[in-house]
Amino acid sequence: MLGVVGESGCGKSLTARAILRLIDRPGRIVSGQVLLDPGAPEQQDLTALDPASRAMQAVRGGRIGLIFQEPMSALSVHYTIGNQIIEAIRAHAPLSKAEARARAVALLGEVAIPRPETRIGAYPFQLSGGLRQRVGIALALAADPAILIADEPTTALDVTTQAQILALLRRLQRTKGVALMLITHDMGVIAQMADDVAVMYLGRVVEFAPVQRLFAAPRHPYTRALLRSVPNLRAVPRERLATIGGAVPHPEARPVGCPFHPRCPEVIAGRCASEVPLPIAPDRPGASCFHAEAGA
Amino acid sequence: MNVLEVDRLYKEFPIRSGFLQRETGRVRAVQDVSFAIGRGETLALVGESGCGKTTVARCILRALPPTGGAIRFSPQEGSTVDLAPLSRRALRPLRRHIQMIFQDPYASLNPRMMVGDIIAEPMLVSGVPAAERQARVRVLLDLVGLPAAARTRFPHAFSGGQRQRIGIARALALDPALVVADEPVSALDVSVQAQIVNLLLDLQDRLGLSMLFVARDLGVVRHVSDRVAVMYVGRIVEVAPTIALYARPRHPYTEALLAAVPKADPALRDAAAAPQGEVADPANPPPGCAFHPRCPYAVERCRVELPALREVAPGNFSACNRAEELTLAGVV
Chain A
1 MLGVVGESGC GKSLTARAIL RLIDRPGRIV SGQVLLDPGA PEQQDLTALD PASRAMQAVR
61 GGRIGLIFQE PMSALSVHYT IGNQIIEAIR AHAPLSKAEA RARAVALLGE VAIPRPETRI
121 GAYPFQLSGG LRQRVGIALA LAADPAILIA DEPTTALDVT TQAQILALLR RLQRTKGVAL
181 MLITHDMGVI AQMADDVAVM YLGRVVEFAP VQRLFAAPRH PYTRALLRSV PNLRAVPRER
241 LATIGGAVPH PEARPVGCPF HPRCPEVIAG RCASEVPLPI APDRPGASCF HAEAGA
Chain B
1 MNVLEVDRLY KEFPIRSGFL QRETGRVRAV QDVSFAIGRG ETLALVGESG CGKTTVARCI
61 LRALPPTGGA IRFSPQEGST VDLAPLSRRA LRPLRRHIQM IFQDPYASLN PRMMVGDIIA
121 EPMLVSGVPA AERQARVRVL LDLVGLPAAA RTRFPHAFSG GQRQRIGIAR ALALDPALVV
181 ADEPVSALDV SVQAQIVNLL LDLQDRLGLS MLFVARDLGV VRHVSDRVAV MYVGRIVEVA
241 PTIALYARPR HPYTEALLAA VPKADPALRD AAAAPQGEVA DPANPPPGCA FHPRCPYAVE
301 RCRVELPALR EVAPGNFSAC NRAEELTLAG VV
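Going down the list, the protein sequences come from chains A and B. Each residue of the first sequence is one higher than the one before, counting from 1 in this note's numbering. Each residue of the second sequence is one higher than the one before, counting from 1 in this note's numbering.
Please note that a few of the clues may not be correct.
Unchecked claim - Taking CB as the label site, the calculated pair distances span:
no.	chain 1	residue 1	chain 2	residue 2	range
1	B	281	A	98	33 to 41 angstroms
2	A	275	B	132	49 to 57 angstroms
3	A	237	B	311	45 to 53 angstroms
4	A	174	B	296	19 to 27 angstroms
5	B	142	A	275	34 to 42 angstroms
6	B	152	A	171	49 to 57 angstroms
7	B	284	A	170	27 to 35 angstroms
8	A	293	B	311	53 to 61 angstroms
9	A	77	B	89	40 to 48 angstroms
10	A	170	B	156	56 to 64 angstroms
None of these hints come from the bench; they were simulated from the model. Positions of the beta carbon are idealized from the N, C-alpha and C atoms, including for glycine.
Just chain B, same shape as in the assembly (with noise of 0.2 angstroms):
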C-alpha cells in the first residue's frame, strides 16, 4: 500500500500588478501532476529551477494550499486521509506524521537553540514527555552520527555537514510516516555531500525510511531514489525506475539532463551537446508540449498537441508525443 498518491494536483499562482494590486494573470505553477510513493520507497522529483518541484513538496507538507486535486496520505495501514481540502486544525495531528529535511543547514536551524533542544522540538510540540525526548534525542544522535555531547551545544559550533545531520535528526524525532527532502545536499562539499547520502542510505536500509527527494538534477539521485519522476515546466515529463531512466530515459527531457550532467571523465568530453534555448516561463508556457522549443526531436504535432503522460513501457510512464517511436540516450 502507498504512504502518498498525488492525484492530479493542480496548484496557480495570482499575478498581481498595478496599485490596486489586481490580479492580472495566473501563474500555473503545478498542473496535472500525479504520483504515488510506496511504502519504504524514494521517489526523486527533478526538474530545474521554476518547474514546480518546491511547490510540490510544499502542498504535500501543505505549506501551501492545493488549486486542485487530492493528496492522499496513509500515515498507517489501512487509514487514509487527503490532506488537499483540511483546514489547519484537521491538519495538526496529522502533520508529525510528514517530516522535512532542508536545503540549507545553515537558514534552518535556529542558532539561539541548543542542538538537543532542536532535534527534541517536534516532539515538544507533539506532547513527548520530557524524560522520553531527552532519552530519544540521544538515540537520534547516536543513528545520524553525532557525539552525543553535540546535545548542549549550539549550531554555530558545527560544520555544514554536521549541521544537516541535526536537521536530519530533528525530521526522524517523531518517526514520521514519510520525509520530504528538499535538495538536502546541493548545499554541501562534495566529501560531505558522499557522507549524507551514505547516512540517507543508511536511514532508508535501517528505518524503512518513505522518501520525497527533491533534486534539480541527475546527480545524487541515481544513487538515494528507487524511482524518479522528472518535471518541466509544471508537469512530469517522465516517470521510471531508477535505473530504467538512466539507461533509456523516454523523455527528450531527461535525456537533456543526462546529457547535462558533467560526467567527472575528460574521455567523455564534447560527448554531448547543450540543449539550446532557455527553460520557459510558467507564466506564458509554449502552447502544445512545452519542451518543444528547446527539443531537437520536435515536429509539427509538438507545437499544438499537449501530450499526456501514459505508460509506455512497463512501470515507465513518458509525456512525449514521439516516446513510442523515439530511442534516446541514456548512460550505460
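Next up, chain A with everything else stripped away, as it sits in the complex (with noise of 0.2 angstroms):
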C-alpha cells in the first residue's frame, strides 16, 4: 500500500488523475511515463494511450478503480446502487444480468453493507455517508481490479466511520491482494495504512520512504515539519504546535530553487534559493533536499 501524502495544491489528486488520464484540457502530461505492468510481457505505458481509446478505458475502471472523497461523485443519482455496480461489472466482463447482479451483492457484502440483497435495491440519497462510500468502494471492486487509487476516501466522514472504512480498505487490500494508493492529507491515516510514503509538494514528491522509516527519521525538512504539526493527544494543556511559517505558495508563483525553501527552517544559505535538488529516484528511500544529499 502507498501512500501519498501532502496539503491542498501539492499535486497529489492531480497525479491519480494523470494515471487515470482524467486531466482536463488544457492540462496535459508534458513528459513521463505511467508504466502499468513494468516488466511484463504485457507492460503498457498509459501515457502513450488516448484518454478516450478503448484500450484507456479497460485500464479505467477495469485495472484500475478509483475510489472518491465524496462516493456521490461516482454515483448517479438516478439509479440504484445495485444498477449502477451491475453496470460497472457488465462494462468490463461478459457476464449476463443474472450473473452480474448475484457478483454484485457479493462485493456488497465484501464491503460489509447489511442484508446486501435488500440495499441493492437502494438509491443513494437513502444510504449514510458511511454505508455510500462502502457503495463507492464496492463500486472501485466491480471489475476485480488489480490497483485501487483512494483519493482522500475518508476525509468527509465522522472519525468512528473513517476507522471503519480505513479497517475495510486494509482487509480488502489483505483479502483480495490489490495494490492500494492511498491519498491523504492526514499523517495520522498514512501511519495507519501505508507500506511505503511519497511525500508531495508543490506538485513533486519530495520525500520516499518505507512508513516506519519515514516517521522515525525523516530526512526532509518539510516532513518533519509536517510530523511536528500534527496535533498530538498526549498534549499538555496549551501546548503549541510546531508550524511552518508562511503558507503554500500558489503554484504559478514557484519559487526558484528548491521549492521548500522559503518556509525551510534549515535552508542552506546561496545554495537552496538558487539550485534545485536533486528529484528522488524511483522506489527507492530519499529526500529531494540538499541536507539529504550530503548525508547519503
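Assembly of the complex is requested from the two constituent chains, each provided in isolation within its own frame, with the hints serving as guidance.
In C-alpha cells:
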C-alpha cells in the first residue's frame, strides 16, 4: 500500500488523475511514463494511450479502480446502487444480468453492507455517508482491479466511520491482494495504513520511504515539519503545535530553487534559493534536499 | 463566576411531509443539555455529525429559538440574563457580547468587502465612531498576525489560514465576553491548522478569552480546551477536565472517539478496533442508552434504562449506566 501525502495544491490528486488520463484540458501530461505491469510482457505505458481509447477505458475502472472523497461524485442519483454496480461489472466482463447481479450482491457483502440483497435496490440518497463510501468502494472493485486508487476516501466522514472504512480497505487489500494507492492529507491515516510513503510538495515527491523509516527518521525538512504539526493526544494543556512558516505558494508563483526553501527552517544560504535539489530516484528511499544529498 | 450556563436545553425540529407539509413527527436534536463555561475558560463540545453540537451553538447565539431550558449569559460580573426566552429586539444589545468564528473561511467573508470593513462591521453595527473603528482594526490585524496593509485588500487575496485570521479579528472586534468557534480549523491544511490553533492559544492567554470550541473529533481539542463535553445523539454523554477525559474516559463513546483518531505512529497500528454500526438517527433514537447498539459493554439494562449524567469522579460526569464499574482505555 502506497500512501501519498501532502497539503492542498501539492499535486497528489492531479497525479492520480494523470495516471487515469482524466486531466481536463488545457492541462496535459508534458513528459514521463506511467507503466502498468512494468517488466511483464503485457506492459503498457498509459501516457501513450488516447484518453478516450478503448484500451484506456479498459484500464480505467477495469485494471485500476478509483475511490473518491465524496462517493456521490462516482454515483448517479437516478439509479439504484445495484444497477450502477451491475453496469460497472458488465462493462468489463461478459456476464449475464443475473450473474452480474449475484456478483454485485457479493461485492456489497464484501464491503460489509448489511442485508446486501435488500440494499441492492436502494438509491444513494437513502444511505448514510459511511454506507455510500462502502458502495463507492464496491463500485471501484466491480471489475476486480489490480490497483485501487483512493483519493481522500475518509476525509468527508466522521472519525468512527473513518476508522471503519480504513479497516475495510486494509482487509480488502489483504484478502483480494489488490495494490492500493491512498491519497491523504492526514499523517495519522498514513501511519495507520501505508507500507511506503511519498510526501509531495508543490507538484514534486520530496521524500519517499517505508512508513516506519519515514516516521522514525524523516529526511526532508518538510516531512519533519508536517509530522511535528500533527495534534498530539498526549499534549500538555495549551501546548503549542510546531508550525511551518508562511503558506503553500500559488502554483503559478513557484519559488526559484528548492520549492520549499522560503518556508524551510534549515535553508542553506546561497544554495537552496538558486539550485534545485535532485529529484528522488524512483522506488528508492530518499529525499529531494541538499541536506539529504550531503548525508547520503 | 460563569460566563455561560446552559441549563436543561432542549431543541426540537418538526418533521414535515406530504402535500400539506403537516407535522408528522419531531427530531429531538438537543435533549436535556446542561453545561457551564467559566470566565477565561475554553470548553470543547465534541461529537460526530448529527449529534446536536452545532444546534447547541446556534441556540446559544440565538440563531435558533430553543424549545426549552435556560441559557444564562453573564456579559459582565454581576449581570446575568437568560437568552432563551428573549425576543429579537431584546437580544440586539446583547449580541455584541457573543461572537462566532466559522468553519469555512471562504464562505464566511463577504468577497465584495475590503478586509478592514469586514473586521469593522460589528463595530459599525454597534455604533462605534469611525476614527475608533480605524484604530481598532489596526490593533486587531496586529493581534491576529496580519499586516496593516491587509486592511485595503479583498478576501480573495488571502489563503485559507489568513482568511481564518480575518474571521477571528472580526469576532474579537467588540471584545466579546464569549466566543463560539464552530470547527474553526477543520477545513484547513495541517500546517495552517497548527498556526491557527497556536493563535487561539495566544489569544486565550493574552485576552483571557472565554470560548465554546465545537469540534467533531478529539485531535486539536487536547491542545485548546480546559474541559471537554462529548455529545451523542442530542445528549451530553460525558463532561470532564481535558487531561482526565483523555487519560481515563468514563463513557464508552468517548473511548471509541479516542480510539478512532488515526495516531501518527505506525507502531500503534490496529491497536484499537473501530466501533461497530452507525450513529443512531436522532429522529428515531434507540430506546434506553442511545449508544447501546454500538457499545461493546452494553448489558440488558442499557436497552431500557436511559442513563442519567452524574458525577462519577470529582469534576467528571458520565451518562453511562456502567460508568462506576468500567475501566475504559484512554491515551497515556
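Against the structure, the hints come out as follows:
1. As the Cβ distance of residue 281(B) to residue 98(A) is approximately 34 angstroms, the hint placing it in 33 to 41 angstroms holds.
2. As the Cβ distance of residue 275(A) to residue 132(B) is approximately 52 angstroms, the hint placing it in 49 to 57 angstroms holds.
3. With their beta carbons about 21 angstroms apart, residue 237(A) and residue 311(B) fall outside the hinted range of 45 to 53 angstroms.
4. The given range of 19 to 27 angstroms is respected by residue 174(A) and residue 296(B), whose C-beta atoms sit roughly 24 angstroms from each other.
5. Distance hint for residue 142(B) and residue 275(A): a CB-CB separation of about 37 angstroms, consistent with the stated range 34 to 42 angstroms.
6. Distance hint check: the CB atoms of residue 152(B) and residue 171(A) are about 55 angstroms apart, consistent with the given range 49 to 57 angstroms.
7. The given range of 27 to 35 angstroms is respected by residue 284(B) and residue 170(A), whose C-beta atoms sit roughly 32 angstroms from each other.
8. At about 60 angstroms, the CB distance of residue 293(A) to residue 311(B) agrees with the hint of 53 to 61 angstroms.
9. The given range of 40 to 48 angstroms is respected by residue 77(A) and residue 89(B), whose C-beta atoms sit roughly 44 angstroms from each other.
10. Checked against the given bound of 56 to 64 angstroms, the beta carbons of residue 170(A) and residue 156(B), roughly 41 angstroms apart, lie outside it.
Hint violations for this structure: numbers 3, 10, all remaining hints satisfied.
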